[in-house]
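The residues making up each chain are set out below.
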Amino acid sequence: KQEVTQIPAALSVPEGENLVLNCSFTDSAIYNLQWFRQDPGKGLTSLLLIQSSQREQTSGRLNASLDKSSGRSTLYIAASQPGDSATYLCAVEGPGTYKYIFGTGTRLKVLA
Amino acid sequence: DTGVSQNPRHKITKRGQNVTFRCDPISEHNRLYWYRQTLGQGPEFLTYFQNEAQLEKSRLLSDRFSAERPKGSFSTLEIQRTEQGDSAMYLCASSLGTGTTKQFFGPGTRLTVL
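The listed protein sequences correspond, in order, to chains A and B.
The opening position of the first sequence corresponds to residue 1 in the numbering used here, with each subsequent residue numbered one higher.
The opening position of the second sequence corresponds to residue 1001 in the numbering used here, with each subsequent residue numbered one higher.
Hints were generated in silico from the structure; no laboratory data involved.
These numbers come from a predicted model, not from an experiment.
Idealized CB from N, CA, C, for every residue including glycine.
Hints should not be assumed to be uniformly reliable.
Listing some non-contacts, in silico: residues in chain B with all C-beta distances to chain A over 10 Å [what the hints assert, rightly or not]: (1) Thr1002; (2) Gly1016; (3) Gln1017; (4) Gln1041; (5) Glu1044; (6) Glu1052; (7) Gln1084; (8) Leu1091; (9) Ala1093; (10) Gln1103.
For lysine-lysine, the following DSS-like pairs were computed, each having C-alpha atoms within a straight-line distance of at most 27 Å [unchecked claim]: (11) B/Lys1014 x A/Lys1; (12) B/Lys1102 x A/Lys68; (13) B/Lys1057 x A/Lys1; (14) B/Lys1102 x A/Lys42; (15) B/Lys1071 x B/Lys1011; (16) B/Lys1071 x A/Lys109; (17) A/Lys68 x B/Lys1071; (18) B/Lys1071 x B/Lys1057; (19) B/Lys1057 x B/Lys1102; (20) B/Lys1011 x A/Lys68; (21) B/Lys1102 x B/Lys1071.
Work out the full structure: start from the sequences and follow the hints.
Structural data, given as structure tokens:
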């Protein structure tokens, strides 16, 4: 049974810091991994999708990497800003199913 | 706007009442998913459809829950005889449905059962 873990559960950093959020999963035979952002009381905003054959994806100040063999993904946020404050969720798809299994998220607070 | 839409956005009901939520996916998307999210947790899968066929259901989907997608377009999620433990955010997502593709999420319906 696929399980997804995110560490740390919460993180507070001063503005301008570079930071790394971690996601690990127990079954490496995934189809893809997606990182989301969620603001309080809101739905999910997709940040980056990494297909199983890819190693990383970049969008602006965000970079996500995937190491399937070790069951790990990282989300790197460069030059953090107060507007980045939110909960970040990772989700994996597969194996053998198209549903997503989510981690419990990392709650990020960027202090001005 | 061509995103996933959900209605209502908020629902407050009394224990024992029935509630129904609606999800309209992105128009060309064949797959539609329902998830439930409680406070401080990640979303948990409930069920998904490929066109009108319900292909997978979670054990979380008790007999009180039923989902339909009658014409392969919009979907409804009904909860009968609501309980306080049903209070959660109900999220709908859709994807193209060819191979493994990105899921796009709606804004969610927040259910509060008093």
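Item to check | Numbers of the earlier hints that this structure fails to satisfy, in rising order | outcome: Failing hints, ascending: 4, 5, 8, 9, 10, 11, 16, 17 and 20.
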